[in-house]
Amino acid sequence: MHKDGVFLKNHFDCYLILVKFGKFFSNMTDIQQLQRIANELRIDIIKSLHAAKSGHPGGSLSSIDLLVYIFFEEIKRTKENATLPTRDRFILSKGHGAPALYAVFARIGLISYDDLMNLRVLESCTQGHPSYLHLPYLEASTGSLGQGLSIATGMALAAKIDKLDYRVYCMIGDGETQEGQIWEAFLSAPKFKLDNLCVILDYNKSQIDGYIKDVLDIEPYVDKLKAFRWNVLEIDGHNFNEMERAFTNAKSTKNKPTIIVAHTIKGKGVSFMEDKVEWHGKAPNDEETEIALQELQKLLN
Amino acid sequence: MSKATRTAFGEEIAKLGEEYSEIVVLDADLSKSTMSQYFAKKFPERFFEMGIEEAHMIGVGTGLALSGKIPYCCSFACFITGRYDTIRISAAYSNASIRLIGTHAGIGIGEDGTSQMGLEDISLIRSLPNFSVCQPCDEIETKALIRYTVKHKGPMYIRLTRQNLRDVNPPTYNFQFGKGVELTEGNDAVIFATGALVNEALDASNKLREKGINLRVVNIHTIKPIDEELIIKCAKECKTVFTAEDHTIIGGLGSAVCEVLAENFPSKVFRIGLKDVFGESGTPEALYRKYGFDSEGIAKTIETKMNS
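First to last, the protein sequences are chains L and S. Numbering follows this note's numbering, in which position 192 of the first sequence is assigned residue number 192; successive positions increment by one, without gaps. Numbering follows this note's numbering, in which position 188 of the second sequence is assigned residue number 188; successive positions increment by one, without gaps.
Just so you know, these hints were derived from the structure itself, not from any lab. What you are looking at is a predicted structure, and each value in this text was computed from that prediction instead of being measured. Note that beta-carbon positions come from the ideal geometry of N, C-alpha and C, so glycine has one too. Treat the hints with care, as some may be off.
Stated by the list, open to error - Distance windows between CB atoms, simulated:
1. S:Phe-265 x L:Pro-136: 36 to 46 Å
2. L:Glu-80 x S:Tyr-148: 17 to 27 Å
3. S:Phe-265 x L:Ile-208: 45 to 55 Å
4. S:Tyr-84 x L:Lys-276: 47 to 57 Å
5. S:Glu-259 x L:His-134: 24 to 34 Å
6. S:Asp-85 x L:Pro-136: 51 to 61 Å
Same shape as in the complex, but just chain L (with noise of 0.2 Å):
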């Protein structure tokens, strides 16, 4: 299923040879490598979208840093360790940012590269929206606003109950925040002390119907989530060098969850799509595809 070939003739595969061979994590720590990564990631998203005919590349774009940086730095997902009850676990409650996660998964070899082209065709495990009953790589159903911190909770509550010391990771979006369930969670998550909790806003400013701040603002979001009690981190959601560090705070905070504000930008790393609110829920077309991948793979070059 897995198309190795296709990975060795069309991307950059230090990473996937040297985890074959596991050196990676004692090699592979180069930031520059990791960028790389996600730079190839972009490439099979644009693609993946441009062969659905829909999907959401703007906050895909703005997450594949940051999911490159928690897959392969934080939870080191290996097709070998994914199903392990003592596994980290990552719900993607913005479920909408599917393509960047089925990128990683095919990178990682959860998912073949087949399945990731075969994006929102039917009877895929790719469905448009992540589906735990399609592919449960995924943790958990989501795609409906708000729910996934909860599901993350209960996950990290279920870790503490048994001593186990495996972390959780959420992804949330920064509309999704609306969302009242958000609102429950962040009030939950630190009565029970979960410091094995890790929430990532993906805050790319915007969502469909226009910019957070005009639709519906969040802010002061630290603020908010301050005097909820949380460890609130703010960086740059495509800086690595602030992922290392803020990730690292959070596993050495004890006693309360952590949440790290990353500020993005929709539709990172392709030029006409980027912080566009047009571009939240509608795929390339093939001259759009093309000026895209041109752009991206001269990130690698």
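Model the placement of chain S on the given structure of chain L, informed by the hints.
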């Protein structure tokens, strides 16, 4: 003996907690009413007071279930099922083995009135793929059902009463998930009843027998998946079909029976339940009398329809 099924649940889950360390119980500020308090007192480290956050509680329960726990999320039936989208996407669409415990079902709760009554809950949950829906009719059945839920795979909704229900089943009762129970013999009419109305239907059958009408009372404790075979058999053997539930007739047990018969043995079915209306405040007895849910009301409906 007479006991509220919520109390029977509380006692049984506290007992099961000794046998199964995976059981966890969550409540949304109603533990003294749902009777999850018995478990809370015995196993404080496995009881989670979530506050008045039902949607979040259901999500947390889903996460616990997906991590190998056996979570029971408790609140009033109306507040649980009011958080429908979370039940739909988090629990059902993840096929999580969560147990939603909805107490204070029906107009039988009495004085608190409509906003506290679960009146459409069966209908809502029954429409969700993967979900099972059960409603026991007495203490014995409740305890047997709750014991069964520990092993069941997939999400379940359990509907319980505030008011006491007289024992219907013998102490030797063998609960079988998905199977209806024929409680009385008779071929003039059959009534498929669930929950609190099983008691009332049995009393109605005694009243009708004096008038020469032999009513077969069938207890449907598992509303989904429903016992199609038994429903078809009874419809074939009895002249008239009735259903009885303390719930709206739209989408509940009555609808479920109609769906089975429409496709397999088209029959005239008379549904006793709320006729597309809300409830109201009053004593449980007065409410059951007004809406025709007590034994007199059920007997009268059956007699009237059979003679029409």
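message: Is 51 to 61 Å respected by the C-beta to C-beta distance linking Asp-85 (chain S) and Pro-136 (chain L)?
response: Hint violated: Cβ distance 22 Å, outside 51 to 61 Å.
- prompt: Okay, Glu-80 (chain L) versus Tyr-148 (chain S) on CB: inside 17 to 27 Å?
  reply: violated, 37 Å
- request: For the range 45 to 55 Å, tell me whether the beta carbons of Phe-265 (chain S) and Ile-208 (chain L) fit it or not.
  value: holds, 49 Å
message: Can you tell me whether the CB distance of Glu-259 (chain S) to His-134 (chain L) sits inside 24 to 34 Å?
response: Once the Cβ atoms are compared, 28 Å apart, the range 24 to 34 Å for His-134 (chain L) and Glu-259 (chain S) holds.
message: Given a hint of 36 to 46 Å, does the C-beta separation of Phe-265 (chain S) and Pro-136 (chain L) actually sit inside it?
response: Once the Cβ atoms are compared, 40 Å apart, the range 36 to 46 Å for Pro-136 (chain L) and Phe-265 (chain S) holds.
message: Does the beta carbon distance between Tyr-84 (chain S) and Lys-276 (chain L) stay inside 47 to 57 Å, or does it fall outside?
response: With Cβ atoms ~35 Å apart, the hint is violated.
Hints 2, 4 and 6 from the earlier list are contradicted by this structure; the remaining hints agree with it.
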